Amino acid sequence: MENENTIQPLDALMTKLGLTNADLVRASTEQLSFKMVQKGRNGRCLSLHVQEKILNALLKAKPDLKIRRRELFHYPMDESVVEKISEAISLFEKKEIKYPSFVDLLVEAGINYYTVKVASNEITLYGSAGEAHVLNAPAINQATPGIVSYEVNLRQRKIVYKGQAESYREDIPPVGSKPEIIEVKPVEAPAKKKPTARKKKPGIVRKTRKARLTARKLFFRKRKNTGPNTGPRPKGTR
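Reminder that position 170 of the sequence shown reads as 170 in this note's numbering, one-by-one numbering, no gaps.
Mixed in with the good hints, there may be bad ones.
Said to hold, decoys possible - Taking lysine to aspartate or glutamate pairs in the DMTMM-like style, the calculated list, with each CA pair at most 25 Å apart, reads: (1) 117 x 78; (2) 62 x 11; (3) 60 x 78; (4) 84 x 64; (5) 60 x 108; (6) 158 x 87; (7) 66 x 170; (8) 94 x 122; (9) 62 x 79; (10) 95 x 170; (11) 98 x 151; (12) 117 x 79; (13) 117 x 171; (14) 158 x 93; (15) 66 x 108; (16) 39 x 96; (17) 98 x 11.
As the list claims (entries may be wrong) - Simulated DEER-style distance windows between Cβ atoms: (18) 30 x 91: 21 to 29 Å; (19) 86 x 6: 16 to 24 Å; (20) 175 x 47: 14 to 22 Å; (21) 151 x 87: 19 to 27 Å; (22) 71 x 156: 16 to 24 Å; (23) 176 x 33: 17 to 25 Å; (24) 122 x 91: 16 to 24 Å; (25) 177 x 12: 36 to 44 Å; (26) 122 x 78: 32 to 40 Å; (27) 63 x 101: 39 to 47 Å.
Since the hints were derived computationally from the structure, they do not count as laboratory data. All of these numbers come straight from a predicted model, not from anything done at the bench. Even for Gly, the Cβ is constructed at its ideal location relative to N, Cα and C.
Start from the sequences and build out the full structure, keeping to the hints where you can.
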């Protein structure tokens, strides 16, 4: 895993910024040594803890600098991991697997991120301990026109596309998932019920005053004709 002849991105960046090993040692608050910085610049494989120390010292020396640890250290990957990457890419290019399965294969191989430069078709895959593997191949993802580069976070299953005018994000679905189709149906208004005719309740029939008087006369006339003294009166009686 050690390669003393490999110039690390850390060395190129420090040279560009005009920083020396002593500058980082003075800026550090984590007991960073001159020897640690020199090993990092020469390509010696450092532990994650020491890599973080160098990154923190660099950010203290240059507060406006925006950089991540994996951009400072590129160690060669194990050959077995490179073989797994090649197998995953081959399966995907042959359309034997879909992209979510391709992502799972990279995660199983120990890859956390990969970045793509669209113009040069340069793909850089990053391991968890600073390992990096660079290859030139057609872009794995199909980005929209205007995209310059993109970064894929395999663990979080997210893609960030970066363009000259705009940037956007995309989620990587799990294996076997299907897009959820929501059928929107218009809400039907409830049917209006036809008004039913009200039944009139039986009640007292109101009569006019004239009708009441006529009915009263008929009642007394009937009573008089059917009483005990009905029949012709004898002469001389009133």
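Structure-based check of each hint:
1. For the suggested pair residue 117 and residue 78, the alpha carbons sit about 23 Å apart, so the restraint of at most 25 Å is met.
2. Pair hint residue 62 plus residue 11 holds up; C-alpha atoms about 15 Å apart against a cutoff of 25 Å.
3. At roughly 33 Å between alpha-carbon atoms, residue 60 and residue 78 are farther apart than 25 Å, so this suggested pair is violated.
4. Of the supplied pair hints, the one linking residue 84 and residue 64 is violated, its CA atoms being roughly 38 Å apart against a limit of 25 Å.
5. Straight-line distance between C-alpha atoms of residue 60 and residue 108 comes to about 35 Å, which puts the hinted pair past the 25 Å bound.
6. Pair hint residue 158 plus residue 87 holds up; C-alpha atoms about 22 Å apart against a cutoff of 25 Å.
7. For the hint linking residue 66 to residue 170, the alpha-carbon distance of about 23 Å falls within 25 Å, and the restraint holds.
8. Proposed proximity of residue 94 and residue 122 is supported: the alpha carbons are some 20 Å apart, at most 25 Å.
9. Between the alpha carbons of residue 62 and residue 79 the distance comes to roughly 36 Å, so the proposed pair goes past 25 Å and is violated.
10. Between residue 95 and residue 170, the direct Cα distance comes to roughly 21 Å. Compliance with the 25 Å bound is thereby established for this hinted pair.
11. Our distance criterion of 25 Å between C-alpha atoms is met by residue 98 and residue 151, whose separation comes to about 19 Å.
12. A C-alpha spacing of about 24 Å is found between residue 117 and residue 79, which places the hinted pair at or below 25 Å, so the restraint holds.
13. Distance hint between residue 117 and residue 171 is fulfilled; the C-alpha atoms sit about 19 Å from each other, no more than 25 Å.
14. For the hint pairing residue 158 with residue 93, the CA-to-CA distance comes to about 21 Å; that is within 25 Å, so the pair holds.
15. The hinted pair formed by residue 66 and residue 108 fails the criterion: a straight-line CA distance of about 30 Å is larger than 25 Å.
16. Only pairs whose Cα atoms come within 25 Å are accepted, and residue 39 paired with residue 96 is rejected, the gap being roughly 43 Å.
17. Annotation: proposed proximity of residue 98 to residue 11 is violated, straight-line Cα distance about 39 Å (limit 25 Å).
18. Between residue 30 and residue 91, the C-beta spacing of about 43 Å breaks the proposed range 21 to 29 Å.
19. A hinted range of 16 to 24 Å holds for the C-beta pair residue 86 and residue 6, which are about 21 Å apart.
20. Taken as a hint, the range 14 to 22 Å is violated for the pair residue 175 and residue 47, whose Cβ atoms sit roughly 34 Å apart.
21. Under the hint 19 to 27 Å, the C-beta atoms of residue 151 and residue 87, about 23 Å apart, fit the expected range.
22. Between residue 71 and residue 156 the beta carbon distance is about 18 Å. The supplied range of 16 to 24 Å therefore holds.
23. Our hint of 17 to 25 Å for residue 176 and residue 33 is violated, since their Cβ atoms are close to 50 Å apart.
24. With their beta carbons about 21 Å apart, residue 122 and residue 91 fall inside the hinted range of 16 to 24 Å.
25. Against the hinted window of 36 to 44 Å, the Cβ-Cβ separation of residue 177 and residue 12 comes to about 42 Å, which satisfies the hint.
26. Range check, residue 122 to residue 78: Cβ separation about 21 Å, and the 32 to 40 Å hint is violated.
27. Taking the beta carbon of each, residue 63 and residue 101 are about 42 Å apart, inside 39 to 47 Å as hinted.
Checked against the numbered hints above, the structure violates hints 3, 4, 5, 9, 15, 16, 17, 18, 20, 23 and 26; every other hint is satisfied.
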